[in-house]
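In order, the protein sequence lines correspond to chains A and B. Position 395, counted from 1, in the first sequence is what the working numbering calls 799; the numbers after and before it change by one each time, with no gaps. Position 351, counted from 1, in the second sequence is what the working numbering calls 755; the numbers after and before it change by one each time, with no gaps.
No wet-lab data here; the hints were simulated from the structure. Careful: at least some of the hints might be erroneous.
To be verified - Okay, derived cross-link-like pairs now, BS3-like style, lysine-lysine, Cα gap no bigger than 27 Å in a straight line:
1) K555/B to K508/B
2) K508/B to K432/A
3) K599/A to K762/B
4) K502/B to K600/A
5) K762/A to K502/B
6) K555/B to K555/A
7) K502/B to K432/A
Quick caveat, the model's predicted, so the values are computed rather than measured.
Number of protein chains: 2
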Amino acid sequence: MLTPERIDTNSLDLTRQLNDVGVEVVAKYVVGDHLERLEGVVRLALSRSQIVILSGGLGPTEDDLTREAVAAALGRKLIYHPEIAEALEQRFARLHRKMAEVNKRQAFVIEGAEILPNERGTAPGQWIEVSSFNAAGAVIMMLPGPPHELKAMFERQCLPRLCRMLPPQVIRVRELHVAGMGESDLDQLIAPVYKKYGNPATTILAGAGDIQIRFCARCATADEAEALLSEVSGPIEALLGDRIYSHNGDSIEQVVGKLLLAAGATLSVAESCTGGLLGERLTGVAGSSEYFLGGFITYSNALKTELLGVPPEMLAEHGAVSKPVAEAMAEGARRRSGSTFALAITGIAGPGGGTDTKPVGLTYIGLAGPQGTEVVERQFLGDRARIRQFASQVALDLLRRKLGAGGSGAGATGAGSA
Amino acid sequence: MLTPERIDTNSLDLTRQLNDVGVEVVAKYVVGDHLERLEGVVRLALSRSQIVILSGGLGPTEDDLTREAVAAALGRKLIYHPEIAEALEQRFARLHRKMAEVNKRQAFVIEGAEILPNERGTAPGQWIEVSSFNAAGAVIMMLPGPPHELKAMFERQCLPRLCRMLPPQVIRVRELHVAGMGESDLDQLIAPVYKKYGNPATTILAGAGDIQIRFCARCATADEAEALLSEVSGPIEALLGDRIYSHNGDSIEQVVGKLLLAAGATLSVAESCTGGLLGERLTGVAGSSEYFLGGFITYSNALKTELLGVPPEMLAEHGAVSKPVAEAMAEGARRRSGSTFALAITGIAGPGGGTDTKPVGLTYIGLAGPQGTEVVERQFLGDRARIRQFASQVALDLLRRKLGAGGSGAGATGAGSA
Chain A
405 MLTPERIDTN SLDLTRQLND VGVEVVAKYV VGDHLERLEG VVRLALSRSQ
455 IVILSGGLGP TEDDLTREAV AAALGRKLIY HPEIAEALEQ RFARLHRKMA
505 EVNKRQAFVI EGAEILPNER GTAPGQWIEV SSFNAAGAVI MMLPGPPHEL
555 KAMFERQCLP RLCRMLPPQV IRVRELHVAG MGESDLDQLI APVYKKYGNP
605 ATTILAGAGD IQIRFCARCA TADEAEALLS EVSGPIEALL GDRIYSHNGD
655 SIEQVVGKLL LAAGATLSVA ESCTGGLLGE RLTGVAGSSE YFLGGFITYS
705 NALKTELLGV PPEMLAEHGA VSKPVAEAMA EGARRRSGST FALAITGIAG
755 PGGGTDTKPV GLTYIGLAGP QGTEVVERQF LGDRARIRQF ASQVALDLLR
805 RKLGAGGSGA GATGAGSA
Chain B
405 MLTPERIDTN SLDLTRQLND VGVEVVAKYV VGDHLERLEG VVRLALSRSQ
455 IVILSGGLGP TEDDLTREAV AAALGRKLIY HPEIAEALEQ RFARLHRKMA
505 EVNKRQAFVI EGAEILPNER GTAPGQWIEV SSFNAAGAVI MMLPGPPHEL
555 KAMFERQCLP RLCRMLPPQV IRVRELHVAG MGESDLDQLI APVYKKYGNP
605 ATTILAGAGD IQIRFCARCA TADEAEALLS EVSGPIEALL GDRIYSHNGD
655 SIEQVVGKLL LAAGATLSVA ESCTGGLLGE RLTGVAGSSE YFLGGFITYS
705 NALKTELLGV PPEMLAEHGA VSKPVAEAMA EGARRRSGST FALAITGIAG
755 PGGGTDTKPV GLTYIGLAGP QGTEVVERQF LGDRARIRQF ASQVALDLLR
805 RKLGAGGSGA GATGAGSA
């Protein structure tokens, strides 16, 4: 269980995978490590849903109460399984550590539950089928909280089992990711299309320089659902053209990576205000070493000169946040790394450092390549994190358009410069 | 409203601030853009709580249904306010854009609600006091979804108003942040202390190389709460010593920044597998340009040689993921940037690239400084993102210990090398 203070990431992946097999997620509850409240939420969820998934609270510590809460909600006993304790002890021994006594709490299993082995951590999961709460019966899955443990257990053990129990109704989802457009402008453009349909349901979510349009169709067959998705998504893709960077859920850094690979090109970066964020996003993609050579975090002016060859007199005359400096940074990174393309970012991320002529959020983004260098100026709004995110997004989109616009598949046409 | 697929970040900050003024957050509900379900959740929340905060769904698009849902739950009308539409039009004009017609949806206000102006976005919030659902009456706050808009509106407009309505009961929270220890080892060490207390409530949350211990005390006065917190936290701080890096919620990058500032020292980084993450974390702290000079993202071997002077024969003999290369990277970054200290990370983040002798997760972290260079070897478990997060955390902790261990305040003693 997450406390009310903690970011939840597990439910995203779970929801997507449940949708794929026709299960709608109608609600999510987040409660703290409190036995009665946990028990209450389990009861409430069982009264409303046929599938209840609990994540977290299976660990060794005193505040891990999910086992006790579910047992109480079901009126069942907790039974100690010595073989689980033994396996845990062996796991610790392999890591040359002695197991702490508290870990034995993880060996308690609810009466009638099946044990789900945990390949990536210590807390085993539990699968319980119950019939007492509603006519249709229900399944309770108790999964560990750490995302990498939960994901492996759900995908390999729970999902196959769940699929065998479900009727053949499908939910199919299609996502379009759009860069370089505001939310209300986008909605005004596409609402006349999607408003005609109740199914698929259309959701628009806006991030920093990034909008996700999600269509969700519910049909008896996959073919039917896919046809319905195309009916809505087709005209919208035509309206948005190359502002769509992805049709399949790929992030913009994945799209840029694929375009670089296809072009046999390499990339380097020069970052000032983003301090490594652009490199971090690019290298978050597995296999990025195929096209990403590296980069320069030139936070100080001295390093802009030393590492990238930005002339000190240029910095003095125009300031570090300026068009010529962005250009010189991109060209310096390209020259010094030997990459095909180089992206450079220099801006004022705030909260301090803004002036009347150069307010917080002012950012210059340079792209150097074989055909020369271009620089775009942007005025971003928001706090430090949002301005940095915006800047890295616009940089990635600038390169995407240079490399030929497309997401994968339909709709996208031609290259364009921002 | 968030769809069930979307990460929620707003509730963390809200919960913390509500706790600070004595309001306990007992539950969080996440539902999609669906009018009846939204209405149902508003009714449910009103039946259980005196304060109901809704975030999101106030935007211009068709799927923004919070206004309609709350109006339906309360049985009140929505009233069009032309002055809101006019202010929106002026806002767009200032940005040299024409307002899309759909934005006028944002000018609808629930009968009897007070309008909360939005300083950072287009959607105004609403504040509604109701008495019909329970004896004590209730307050409904409708806030915009984007975090920077919500935060400003809540802190500046809602919180002060709320404080005037609340009885003088306080919740005080203290957090300890610990690096370099596993969750179960930590719990075994400190459980004998905190288990004796129901108040404060103790929560332990583990991240990649990072554990947060949170004590939450509820008392009639702030003094009483603080005394109770010290009673529990004191002995635990003594047990954990310099493994505690922060006593006040500061992140490890903030702690490192303060230690560097205090020492009058500067820092540079050399990153291979983390690709910019370490620099990104360090520069996420406002004012980091005071001590962070910049860095080198040397993803390719050629750039390790070219930018950091790592000898090609060393790379050939030991491989890029090795102790000597981490050492050479750290020393190269320090030399080329002229910084007091330099941190270097080279490792195998996976999922590919592992071998029998060098498995995925093997990472070397180097720290070069005026007294020489040290390198630590670590074997991290988890996926690519987790291994990278772990590596950056251990690097920051290595420097923290070199600079004199301490978080701010109590307990921490002496420097130590990991």
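Hints and how they fare:
1. K555/B to K508/B: Cα-Cα ~23 Å, so holds.
2. K508/B to K432/A: violated, 31 Å
3. K599/A to K762/B: Distance ~55 Å between K599/A and K762/B Cα, so the pair is violated.
4. K502/B to K600/A: holds, 25 Å
5. K762/A to K502/B: holds, 25 Å
6. K555/B to K555/A: violated, 32 Å
7. K502/B to K432/A: Between K502/B and K432/A the Cα gap is close to 38 Å, so the pair fails against 27 Å, i.e. violated.
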